[in-house]
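Enquirer: Note that the numbering used here has the sequence shown beginning at 60, numbered continuously upward.
Honestly, the hints are just simulated from the structure, not real lab data. Check each hint, because a few of them may be wrong.
[What the hints assert, rightly or not] Here are the computed lysine-lysine pairs in the DSSO-like style, where the Cα-Cα straight-line distance is at most 27 Å: (1) 504 x 427; (2) 467 x 390; (3) 149 x 125.
[To be verified] Per label pair, the in silico range of CB-to-CB distance: (4) 415 x 458: 22 to 32 Å; (5) 349 x 559: 43 to 53 Å; (6) 795 x 768: 46 to 56 Å; (7) 895 x 683: 30 to 40 Å; (8) 598 x 246: 13 to 23 Å; (9) 598 x 486: 21 to 31 Å; (10) 498 x 242: 49 to 59 Å; (11) 429 x 554: 16 to 26 Å; (12) 635 x 569: 44 to 54 Å; (13) 667 x 569: 39 to 49 Å; (14) 635 x 564: 52 to 62 Å; (15) 535 x 759: 16 to 26 Å; (16) 535 x 667: 17 to 27 Å.
Cβ atoms here follow ideal geometry from the backbone N, Cα and C, with glycine treated the same way.
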Amino acid sequence: MLPGETTVHAGRRGELRSGRLELCARQYRTPARGLLTTLLLLSLSSSAGAQSGSPAVAQGQREEIKFIGVFQDEDTTKADERLARFLAQKANLKFQKQTMPYGAVIRKFAEWDQSKNEGSYLARITPYAYVAAQMLGAQFDLLGIYKSAATHLTTYHAYFVVSKNSIAEAFWQPGLSPSPPTLDTLERYLKQSSKPGLFIYHDRFSTSSYFLPSLYFRAHHIFAMSQAAGGNLIPIRVERFPGGSSASLVKEVAAERANLAAVWDGTKKKFDKGGPSEKEGEQVYFIEIPTPLPNDLLVCSQWLNQQDKEAIRQAIRGDPLAGREAGQEYKDDFESWVNINDVPDTTLEALAKLRQSAREHTAPVTVKILKTSTPEYLDAARQAVRLSGTEFVLYDEDLHKRVDVTWKLEATHDGALVLTSSIEGSELEPQVFPISFIDKDDLPKRIADLMRSRMRRIRYIWPYEEKYPAVLRDFDFTPDNDDVTVQRISWMDPESNEYEQDTPFRTRIVKPDFNKLQLKDESQFPKNPDGSLNFEPMSNVAYRVILVREPRPGRIWAAMPYVFIGLFVIAAAGVGIDLLRKRPPPKGFYQTYQAMVEKYHRPWREGEIEESDVVWYDPAQMDQFVKDLRRQGRLMDLVRSGGLDFSLGPIPIKLSILMKIFDGIFRTRLKLPPELMESSEVGIVAALDNLIKFLAGTRRLSPFIGFPEQPVEGSRLPEKPLEWEALNDVASRHFRRLGISQKPVDASLRRDSPALSAVVSSHFHGILKKGRRDASFFRQTWKIEEIEENGRRYRLTHAEDLGGELRLATQEGPVTRVVVEFKIPVEPRLRDSLPGEEVDAWLLGRINQRSGSNGDGIYSLALQFKPIALLKVRDDAQR
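My request is simple: use the sequences and hints to build the entire structure.
Expert: Here it is in structure tokens:
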């Protein structure tokens with residue numbers, strides 16, 4: 060046990076958990092030719108018995124949970140101990156108590172390694188430490204928030220503290236009664252001071268003492284500088300005061316040993332009239348920062364047992380005082396705890412706004428495009444910068460003082476374009492990109508794709524980390540080269556992009572992950588006397604990092620271009636032959652069903668999705684699905700990206716250019732699917748449109764299309780499920796071939812036929828298996844129900860009686876009813892889109908869970924989907 064740790068014990072509890080029986084099935088299918096043979100052979104298919112998935116496990120000794128608190132003062136530490144004792148008793152848990160400083164807590168949560176058996180944790184954490192840990196990749200769930208004894212609310216405000224004497228000397232004449240200063244008064248006070256004022260704080264990760272003031276300072280061009288750097292910047296001095304609490308900051312300002320500090324409501328209350336420090340409070344002004352902030356939060360690791368999470372929530376809800384005894388006086392600010400599901404919307408909004416403010420906002424990168432003899436190229440390049448959705452902005456000589464990137468455009472003899480991109484002051488060799496295009500409308504898209512996929516990008520060191528230099532990731536790539544260039548710059552005027560730059564130096568990426576790129580610590584980075592990094596977030600000094608994106612093909616690819624040239628010729632010949640021949644009509648059952656599914660999705664391949672078509676979406680699920688598809692990889696994707704470009708002696712072989720020319724000529728004519736893009740690259744609507752067109756165009760959509768309520772194009776009203784309609788179509792075509800009928804007829808297939816039922820059951824079981832792997836996209840009328848499950852959520856369901864029996868290897872009996880459902884969080888914008896009790900909409904998602912139930916002799920199959928997006932029914936998608 061570490062020094063300062065205590066252990067809170069609770070009684071042991073044995074608990075028996077019964078495992079749920081999960082039904083699974085095996086289907087054996089035999090191919091057949093002709094209707095009669097197909098029906099007879101497939102009728103021999105049978106289902107194997109299902110076995111339960113997980114046995115009951117008895118729980119003995121409960122897991123010891125680490126209870127971590129952020130150290131602020133002794134009163135807060137005692138409140139943490141009281142909360143731990145309360146939860147240990149009420150929730151029957153066992154804790155190991157530990158107190159850590161802000162920075163250590165954030166780093167510990169971000170680097171917590173469950174694979175090393177570090178166990179689970181419960182923590183009381185301050186709001187900015189919470190969002191900072193999230194940005195670095197911490198995985199925790201939010202359980203509760205405390206109500207303040209100072210404000211009786213779950214939110215609070217921060218206040219600037221300024222000495223009455225110092226601000227009076229600057230603004231008011233002797234003998235006059237001054238009015239309380241405002242934020243505007245404070246800005247003028249700092250600007251008119253003869254020397255930079257001193258701002259003190261107690262910790263960089265304190266929300267009220269440091270983070271919120273830093274946002275105000277940056278928004279009003281106030282930076283930590285020893286003297287004015289020119290332009291319209293206001294200099295201040297920033298120092299950490301080692302007092303350990305925000306109350307000590309107020310006393311320093313009252314004694315005029317500092318000009319400025321920032322505290323919160325709980326500290327301010329101590330210095331108000333009647334408070335224990337009323338005398339010092341009379342010497343200062345408190346100026347409120349209007350942004351509300353959430354109080355400290357109670358979080359736990361995502362992998363903590365679900366039962367323990369619920370026990371903690373219920374303990375807080377049942378006894379919110381959390382161990383506070385009536386009539387006893389407490390010095391801390393923790394009046395009570397509130398279950399996170401019961402807090403007002405204003406509190407969650409304050410937390411969301413803090414999360415948005417804490418994000419590392421990308422600084423604009425100015426691009427100057429040199430004039431060229433071909434005006435169309437210049438206009439296309441300017442349009443590409445505007446359309447790319449990146450940090451690049453066009454250089455405006457009337458606004459910007461410096462150029463970050465310079466582009467030079469040159470036409471080649473064959474009508475193509477060569478773009479040369481140089482990052483000014485970086486000492487890196489320019490990037491040269493040959494670009495082929497169809498016409499002037501196609502060129503901006505080509506350049507924009509190039510910016511997103513291959514051009515060097517500029518980001519900045521996150522200044523709050525003191526252990527190692529890191530770049531927070533807001534981009535979807537890992538640099539192709541471990542070497543990066545770092546350059547120290549001093550901002551003179553951020554709005555006009557005016558800065559001074561130092562000599563760049565090189566370092567390496569030593570540990571990339573999904574949330575950040577950790578860089579090697581170099582001597583050129585600023586250091587404290589103890590060797591820790593000394594980045595100052597309030598300073599005008601920043602360190603920009605140039606991320607190099609230059610592919611380095613391995614040796615194995617050297618022979619691939621020669622192979623590809625031969626395959627390219629064969630593929631081109633195959634395309635020509637395929638264009639000359641007409642696709643034959645479907646023959647067998649499986650081909651007929653697939654043809655119906657393709658007709659069902661055809662309107663979405665041909666039409667464009669508008670923003671008004673999207674009812675709801677999950678950008679994280681959609682982007683992860685796109686990444687999974689990209690990781691599967693295709694040879695054509697590698698060729699398009701230039702991965703197979705090589706030189707044959709002095710002759711460069713640019714297969715990527717050939718592929719792009721092929722795309723330009725044949726993409727529209729052959730209706731080839733678009734490239735996959737993530738929402739951060741092109742926006743939610745465009746990314747969703749590309750994804751659906753790609754899945755439909757490459758036949759990667761699951762054949763499960765629910766239970767159509769409208770006829771598929773070219774067919775009558777479908778049977779439930781669609782397999783019966785496919786069988787009817789096969790039989791009808793055979794009747795016409797035999798001369799029995801001259802037009803499509805209803806074959807009136809009997810659903811109680813064992814052979815036909817086996818065919819339908821086997822196929823239906825197969826498409827359910829594919830639905831767990833591939834995305835399904837289908838239209839249904841959904842019943843809407845609002846439920847409480849990890850917050851307010853909508854549950855959308857559709858139940859369908861099959862009109863017959865399907866045997867899916869169940870123990871209870873044949874399936875006669877199927878229920879399809881999914882859940883989405885309640886969001887304000889959904890109130891208008893889902894106003895009633897039913898909605899007719901298209902669902903894009905994957906089958907997440909499959910279960911069954913037996914009631915009144917009717918066995919139902921429940922299919923739970925993990926939704927990606929929900930779309931409206933459009934005029935061009937009615938069929």
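Enquirer: The structure should be examined with respect to each hint, and the outcome stated for every one.
Expert: Okay, the hints, checked on the actual structure:
no., hint, in the structure
1, 504 x 427, "holds (19 Å)"
2, 467 x 390, "violated (67 Å)"
3, 149 x 125, "holds (17 Å)"
4, 415 x 458: 22 to 32 Å, "holds (26 Å)"
5, 349 x 559: 43 to 53 Å, "violated (34 Å)"
6, 795 x 768: 46 to 56 Å, "violated (28 Å)"
7, 895 x 683: 30 to 40 Å, "holds (32 Å)"
8, 598 x 246: 13 to 23 Å, "holds (18 Å)"
9, 598 x 486: 21 to 31 Å, "holds (24 Å)"
10, 498 x 242: 49 to 59 Å, "holds (54 Å)"
11, 429 x 554: 16 to 26 Å, "holds (25 Å)"
12, 635 x 569: 44 to 54 Å, "holds (51 Å)"
13, 667 x 569: 39 to 49 Å, "holds (44 Å)"
14, 635 x 564: 52 to 62 Å, "holds (55 Å)"
15, 535 x 759: 16 to 26 Å, "holds (21 Å)"
16, 535 x 667: 17 to 27 Å, "holds (24 Å)"
Comparing the model with each earlier hint shows violations of hints 2, 5 and 6; every other hint is respected.
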